[in-house]
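Colleague: Position chains B and C against the provided structure of chain A, taking the given hints into account.
Listed below are the residues making up each chain.
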Amino acid sequence: MFTKDLIDNLLSTSIEENLHKKVEEIKKRDKEINSFITLGIEEAEKASKEIENKIKGNTQGKLSGLVISIKDNIAVSNLRMTCGSKVLENYVAPYDATVTNLIKKQDGIIIGKCNMDEFACGSDGTSSYFGPTKNPRNIEYVPGGSSSGSAASVAADFCDLSLGSDTGGSIRCPASFCGVYGFKPSYGLVSRYGLSDMAMSLEGPGPFAKDTYGIALLLDVIAGKDSRDTVTVEREKLSYTETVEKFNDSDIKKMKIAFAKEFFEGVDEGIKKIILDKIGDLESLGAKIEEVSMPNLKYAIPIYYLVVFSEFSSAMSKFDGFKYGHYVGGQDIVEAVSSTREAAMGTEVKRRVLLGTFVTMEEFRGKWYTKALKARSVIKEDFKRIFNSYDLLIGPTMPTLPWKIGERISDPLSMYSADILTVSANLAGICASSQPIGNLKQLPVGLQLHADSLCESKLLKGMRAVEIACGGM
Amino acid sequence: MQLHEDKYKDLNLKIGLEIHVQLKTDQKIFCECSSDYINSPPNNNICPICTSQPGSKPMGVNERALENLLKIGLFLGCKAYEKPFYVQRKHYFYPDLPSNYQRTSQPILGNGSFMGVGIWEIHIEEDPGRYELREGKVDLNRCGVPLAEIVTAPEIKSPEYAREFLRDLLLSLEYLGVIRGESGSIRADVNISIMGGNRIEIKNVNSVRGVYKALKYEIVRQKAVLQRGGTISMETRHFDEASMITKTLRKKETVADYRYIPDPDLVPIFISSDRLNEIESVLPESPHNKKKRFMEEYSLGEEITDALISDLYLADLFEEVTSKSNPLEAGKWCATELKRRLNEKNLSVSTSKINAKHISDMIGFIERGELSVKNAKWIIEDAVDTGKDITLLMKEKNFYQINSEDTLIKIIEKVIQDNPKAVSDFNSGNQNALHFLFGKVVNETEGRAEPSKTIKLIREKLCAVS
Amino acid sequence: MIFLGLLKTESSQIIRETFICIFKSTTLKFEGVKMVETIINENTIERVSEIARLKLSDKEKIRFRDEFERILEEFSIIDEIKVGDKELYYVVENVNVLREDSSPKPFNKINDIKNNFNKKEDEFIVVPRNL
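Chains as they are written, first to last, in our numbering: chain A, 1 to 473; chain B, 474 to 939; chain C, 940 to 1070.
Pulled out of the complex, with its shape left as it was, chain A reads as follows (with noise of 0.2 Å):
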């Protein structure tokens, strides 16, 4: 296990020699890359050294000085969080998201706040008012989005934990693409806390990782109900990283894996072959394996961005540049926020506002907003449907490989189309999964597992059956 290994590394050796390879690699690489928007390595710095004089008296906290990048819609205080765009370019957070809290309490050490497709609006990774962020595996190519600068720098070694957040496959897209690592909590497990609203009903913090181990580890420290958060829940008593390590091969021939055809319609052929060859693995190793149906699929897009658009639109009310962000100022109180906004905003940002500012409005809600809600629980009862005969859904986690930088027109539906095979996940609030499995014309594919809402360790032995079936660790 490649983390579990690296720890007890860390413990014989240095936390700060790690933290500065970490920058030396930053300094050498990120200039190409681009994963970061803010670095804070004085800060890492200090940190090393008291966890380093923690580990003397093993009092250090889980994470024993790893070093974690976190995407900057996540509250650092003292840090900036821009959120990718240039309504906030000069942002400083005043306080801790309850993640950072957690990870900080954890000894885990910050060393900056990672780049993301603008307010989290994006697929590719290249939206950013801070330029995009090139996929480590091959700089022509998009590192997905819109976590795009937490899966990078774990892909570039830049550190060895990201924080990230999921609302529709932020962090389940750029780690396929960049051929990490990566978990979208059950809604509700994690404290949202501190990350800056986008969708609110769809969203939450979730970890990337290099492998299996690194995922639970930091997601142990994470999850848990939170009193700043009233849509937290209990999670399930049980450490996740026992839970992986204690997982050993002859567990896999319990597992019933569902696979559904609506997930392979329209994927790449040579990603397709990929995943099956690897459920065929899965096959000989003892589980289970049989094919269901997801007949609402082909919805799961409009009732997906209908959402988000609304919520959006809602979340995005509070930039008018009083209390912070980008200001213009202007003659009334009207014209002053309308060309801030208007000033500050990218494109997509813009779109989503204008679409959820309409679906939202009385002579049209009926038809966008609130049929969308009503049909977003036809995505949730195909899941449970699912769940009840078997413990997880296995599949692609991308239609497509990476696509070069510039090569996606800005089209938005094409864009959107992109997340067909993540968003049910999201609007549904289970758990799901995705790690890298192979390589495709020299570019990562990700294989991606759902499992019912808190059911996190069924998800995670799922990974490390995967991670075993790859001949991993």
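I should point out that these hints are in silico values taken from the structure, not numbers from a laboratory. There may be inaccurate statements among the hints.
Unchecked claim - PhoX-like cross-link-like pairs, simulated, lysine-lysine; straight-line CA separation at most 20 Å:
| hint | chain 1 | residue 1 | chain 2 | residue 2 |
| --- | --- | --- | --- | --- |
| 1 | A | 254 | A | 225 |
| 2 | A | 62 | A | 4 |
| 3 | B | 556 | C | 1025 |
| 4 | A | 367 | C | 994 |
| 5 | C | 1044 | B | 497 |
| 6 | A | 374 | C | 994 |
| 7 | A | 278 | A | 288 |
| 8 | A | 367 | C | 1025 |
| 9 | C | 1025 | A | 384 |
| 10 | A | 380 | C | 1044 |
| 11 | A | 86 | C | 994 |
| 12 | A | 384 | A | 288 |
None of the values given here were measured: they were computed from a predicted structure.
Modeller: Quick look at chains B and C alone, frame taken from chain A:
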């Protein structure tokens, strides 16, 4: 009230109020900041939540705020709905609203009444901050203080009634102990239509007096428009406290599509009937029930009863008095003279120095013939102002009525001696002479002659003389 | 093995076209004839941008109007779905998360919040006047 309503009889006034009161709590509704913001320097009673910093989320609704709101609703005879309610986002851009949406719940209770006016519904919401329009300055200290909004039916029939209604409502809420101190800290949106015409909304009136003035002004204004042959179209107006008139708001600001959505950050709330019963059991008696009981138990008339229960502290005082005095007498004095004096001096029972002993002592003196009804009114005024013991006041003001026959006879004899003409008038059959002589005795005794005894004695003396 | 059947899918077009095919085949749209009415007109964009407080350029208005029409047309596929009466607002099932009132806990970094105010004067936030 009757008199006032007659004045407006032909206008078919329909007045409804949306009243906002601050609920009494230690913390704000969605965060842990203090809800006591008044003494804080600008922008110093704030946190990431109430200033809507990116990423901040509301904490669970303040339990005490909700409890206080439920108390208000139950007290006003409202019922809860049998299903969970959401806190919604009401979207509009304004500098005093950091999120540019206000968190306001769906109705929590409804279908009650107060002073004969229906209460449609009550819900909870967060207070915005303060935006000084003329100076372009914003202070966010007040953001997030919990508010109850009480929406009445348009059944108020005059500006005067609106004023009474609000005063008495505020008193009741203070009596319940559920709202923030500073009396007069209410805000109201006022709705008025005359003669079946369109409804005019006047937003954000900040005082009871303001509501009264705004309504008076609107009636005059609307009548004038109609007289000129114009029509009243539905609009929203603003009340200018300085000039006491209403002004039209710019159209831009009145286009209101609030695009309500249930707030995804706040899970639904369900009030069980057990919880409601629990709260109701510790509530003081509601005005409705008190009225019924007073009329039955004490055989009080409706008008007296209404006057008593309009101020619950007064009603309590009245009941205390009945432990020593006759309820009808107690009711009469409390509902008329005492209430009038309090209103004149802009006091309530709780803010004046009057107590139940004052009234029962006073009634005692009257019943023993030691205090005249006329002088009793002065006694009440003094007691309200100074709180002094009645016996002390009787001495100070020399109000003891002369009862003793001997004393009276001496004075009567003197008066008869001094007024021979009146005596002969009486003997000629002129009954008025009797009153004239009585008047003289009253003067001699500085009003202290006990009337009925005096008249009886004078008559006896006169008849004896003749 | 069961899942091998999936390898035999017809289309090998590039993904973008595939997805548009999926949408097209389910919205009964014929070449050149729009079955779905124009939903957005010029006035609508004007109103929406006013409510949303976005001062759009003329170019943006035209562009957005075009895009919105296409997007909403694609999304009107949801009309097909048979739904019940209930809207799914919350994915979690908790209710009644209330907070006990207790003595206030003032925030300890108020100055950091104020440092982000754009225009300040005497501790107030300065904004345009509204006369």
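Colleague: Has the given pair, residue 62(A) with residue 4(A), been kept, meaning a C-alpha gap of at most 20 Å?
Modeller: 11 Å, holds
Colleague: CA of residue 278(A) to CA of residue 288(A), is that 20 Å or under?
Modeller: Holds, at about 13 Å.
Colleague: Checking one constraint from the list: CA of residue 556(B) to CA of residue 1025(C), max 20 Å. Satisfied?
Modeller: Holds, at about 14 Å.
Colleague: Does residue 994(C) lie within 20 Å of residue 374(A) when you go C-alpha to C-alpha?
Modeller: 33 Å, violated
Colleague: Take the C-alpha atoms of residue 1044(C) and residue 497(B), compute the straight-line distance between them, and say whether it is at most 20 Å.
Modeller: The given pair, whose Cα atoms are some 17 Å apart, holds under the 20 Å limit.
Colleague: Below or equal to 20 Å on CA atoms is what counts here, so check residue 1025(C) against residue 384(A).
Modeller: The given pair, whose Cα atoms are some 17 Å apart, holds under the 20 Å limit.
Colleague: Taking 20 Å as the top limit, are the C-alpha atoms of residue 367(A) and residue 1025(C) close enough?
Modeller: 14 Å, holds
Colleague: Can the restraint linking residue 254(A) and residue 225(A) be considered satisfied, given a maximum Cα separation of 20 Å?
Modeller: Violated. Residue 254(A) to residue 225(A) sits at ~30 Å, over the 20 Å cutoff.
Colleague: Below or equal to 20 Å on CA atoms is what counts here, so check residue 384(A) against residue 288(A).
Modeller: 19 Å, holds
Colleague: Residue 380(A) and residue 1044(C) were given as a pair; does the straight-line alpha-carbon distance stay at or below 20 Å?
Modeller: 40 Å, violated
Colleague: Decide if the proposed pair is consistent with the structure: residue 86(A) and residue 994(C), CA atoms, cutoff 20 Å inclusive.
Modeller: OK: residue 86(A) and residue 994(C) at ~16 Å, within 20 Å.
Colleague: Please work out if residue 367(A) and residue 994(C) have their alpha carbons no farther apart than 20 Å.
Modeller: It is violated: about 27 Å lies between the C-alpha atoms, which goes past 20 Å.
When the structure is compared with the earlier hints, violations turn up for hints 1, 4, 6, 10 and for no others.
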